[in-house]
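Student: Residues per chain are reported as follows:
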Amino acid sequence: MLTYALVAGVLFGLYFSLVGIGLNLVFGVMRIVNLAHGDIIMLGGFIALGVVTLASVDPLFAVPLAFVVFVLAGLALYYVLVPRLQGASNPEMLSIILFFGLSQVIEAITTIFAGTSERSIQSRLLGTVFTTIRVKWFGGKPGPGGPIHILGQGFPAPWVIAAATSLVAIGLVYVYLYRTRLGTLTRAVMSRRDEALATGIDVDRVSAAAFGIGLGLAAMAGVFAPFMFGSITPAFGADATVTSFAIVVLGSLGNPLGTALGGIVYGVCYMLVQTYLSSWADLLPYVLLILILLLRPSGLLGRRVRVA
Amino acid sequence: MPKLVKHLLLIVLPLLAVFAVAPAVYQNHLLLFNFVIFLILAQGVNIIYGFTGYLPFGYVGFFGAGAYGFAIMVMHLQMPAALAVLAAGVVGVVLGLLLTPLLRLTGAYFAIANLAASLAVLHLVANPALESITKGPYGVSLTGTFNPTLAYEAALVVLALTLGAVVYLRNSSFGLALQAVREDPVSAAMAGVDVVRMRMVAWLASALVAGLAGGVYAWYVSVFYPDNVFSGEFSIFAIVFALFGGVATILGPIVGVLILYGVYNLIGFTTPQYFQLIYGLLIMGLVLFLPAGLMSLATRRGWHVP
Numbered sequence: 001m002l003t004y005a006l007v008a009g010v011l012f013g014l015y016f017s018l019v020g021i022g023l024n025l026v027f028g029v030m031r032i033v034n035l036a037h038g039d040i041i042m043l044g045g046f047i048a049l050g051v052v053t054l055a056s057v058d059p060l061f062a063v064p065l066a067f068v069v070f071v072l073a074g075l076a077l078y079y080v081l082v083p084r085l086q087g088a089s090n091p092e093m094l095s096i097i098l099f100f101g102l103s104q105v106i107e108a109i110t111t112i113f114a115g116t117s118e119r120s121i122q123s124r125l126l127g128t129v130f131t132t133i134r135v136k137w138f139g140g141k142p143g144p145g146g147p148i149h150i151l152g153q154g155f156p157a158p159w160v161i162a163a164a165t166s167l168v169a170i171g172l173v174y175v176y177l178y179r180t181r182l183g184t185l186t187r188a189v190m191s192r193r194d195e196a197l198a199t200g201i202d203v204d205r206v207s208a209a210a211f212g213i214g215l216g217l218a219a220m221a222g223v224f225a226p227f228m229f230g231s232i233t234p235a236f237g238a239d240a241t242v243t244s245f246a247i248v249v250l251g252s253l254g255n256p257l258g259t260a261l262g263g264i265v266y267g268v269c270y271m272l273v274q275t276y277l278s279s280w281a282d283l284l285p286y287v288l289l290i291l292i293l294l295l296r297p298s299g300l301l302g303r304r305v306r307v308a
Numbered sequence: 309m310p311k312l313v314k315h316l317l318l319i320v321l322p323l324l325a326v327f328a329v330a331p332a333v334y335q336n337h338l339l340l341f342n343f344v345i346f347l348i349l350a351q352g353v354n355i356i357y358g359f360t361g362y363l364p365f366g367y368v369g370f371f372g373a374g375a376y377g378f379a380i381m382v383m384h385l386q387m388p389a390a391l392a393v394l395a396a397g398v399v400g401v402v403l404g405l406l407l408t409p410l411l412r413l414t415g416a417y418f419a420i421a422n423l424a425a426s427l428a429v430l431h432l433v434a435n436p437a438l439e440s441i442t443k444g445p446y447g448v449s450l451t452g453t454f455n456p457t458l459a460y461e462a463a464l465v466v467l468a469l470t471l472g473a474v475v476y477l478r479n480s481s482f483g484l485a486l487q488a489v490r491e492d493p494v495s496a497a498m499a500g501v502d503v504v505r506m507r508m509v510a511w512l513a514s515a516l517v518a519g520l521a522g523g524v525y526a527w528y529v530s531v532f533y534p535d536n537v538f539s540g541e542f543s544i545f546a547i548v549f550a551l552f553g554g555v556a557t558i559l560g561p562i563v564g565v566l567i568l569y570g571v572y573n574l575i576g577f578t579t580p581q582y583f584q585l586i587y588g589l590l591i592m593g594l595v596l597f598l599p600a601g602l603m604s605l606a607t608r609r610g611w612h613v614p
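Line by line, the protein sequences give chains A and B.
The first sequence: position 150 = 150 (this note's numbering), numbered continuously.
Offset between the second sequence (1-based) and this note's numbering: plus 308.
Don't read these hints as lab results, they were simulated from the structure.
Among the hints, erroneous ones may be present.
Reference excerpt, derived from the structure (chain B facing chain A, CB under 7 Å, subset only) [what the hints assert, rightly or not]:
(1) 413
(2) 415
(3) 416
(4) 419
(5) 420
(6) 421
(7) 424
(8) 427
(9) 436
(10) 581
(11) 584
(12) 587
(13) 595
(14) 596
(15) 599
Beta carbons are placed, not taken as given, at the ideal position from N, Cα and C, and that holds for glycine.
Construct the entire structure; sequences and hints are all you get.
Tutor: And the structure:
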């Protein structure tokens, strides 16, 4: 039981890291609190749903699709909203309200088109592409791959696939931030925006890229949401936003890679509470968030970024 | 005539008078009551956000705690309703005291932590494990104290109290000191302002107001569920109303509530998603084009806004 909870916690944790990392990238670079983050995740879920119902292929194909669509949407949204916001007297506060408005708009439009009913995808559909490849190249019998065994325990295949995809995505974010030119510039803007501007970095371009990638990552995480949480509704976004915040703050706000650690800590705590104290599980993200903010505001891995 | 008296006579009294006689001429009692509640909450947000710059994104936590404070006093201690409303205010203040450490956080950190705190209180109240005390997620029913007329009058009293506090803040050195702290806490401290104490007073005042509002709300509706009284809409509406009018003024939040909540009720509840869409767009437009609120249209021309 304990091994099960721990391994499931790590699997969920890796996925939770992907859920939070986009939010953290956006906050780190722009000091903007994207309260619509959860709604982007929800839209990612609907893209998966669309891919399954319209094209009836493996929802895994929705991952690149969701990413590309939302990187483009993010770039457009950045240039519409952010420069105006940055001109106001207190952008950090106003961003909370602005993006709350955006989240309302997204939720309303999704409800108008999709209704309020819960939507789910049969979990055996995820990863069918692997089975097909196996059958084609190595022979063997087609059919749903059952649970995947780790340390003698069986886990649903979607959990493992989501965790693996998250690991790859986080790895790519690392490569982007530390091995590319744009990534280096991004880190420069993150550490000191005004100095970056003074050295001639095109802060707007860097921020727009970060905003697009942040939204793209959220949408990617959303593709797995119907499998990890059972189902999605247009109202799913608000809870997802708070959960993402808990994860991000746990890791440290403004340090995207800290989010990976935050996600795993959160995932393991979540599974342990779920296993041993299930009626209190709902309280966990909030209490954890408040405790971390009060005891270690810079997060588990944080430098001191916050000036109180 | 000192400005304080002028503001009381010209803004607070007429507003209270209008809402006191309104039930006699207008049928929709619940709507009037909701107007009063939102006036209280918007001014409560004004006290903490307008004067100190802390955005209480989980303001509804105090409101819900007040409502449940009222319910528990009535259910378990058989307290008379008026007394239970006071107890609700105390519950709000106690929750505020518990959350004072949050004031160490600034900006977005505070807003998020406050939101998390309100959700934590919601999940605590709605926990089935505490059913014997709070009735958990199944909601409470207080038919014994049901008396909308009296509850409405109590709400007016709370509104008078709240408006009085805001008028005081707008016209006193205390309010000015708070605004100095908002702009630059270090300089304010250098000028001899006791930053920590002042923030805390504003924070507790705002918590008290929301707790009292929660109490009268519970009295008025008498049957409610945790999700009703902890609905994030209360925080959001109160913040948006206050911002729309313009914070750190007396008139701003009042105008905000009267216009926006009026529009809300004109659009109607029949298709909530269209309403949500319009509301979301309105909020975005507000932040992008009028970040300092309606009152800034007047201050920009150099007119003084009370």
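Student: Quick one: which hint numbers does this structure break? Sort them smallest to largest.
Tutor: none
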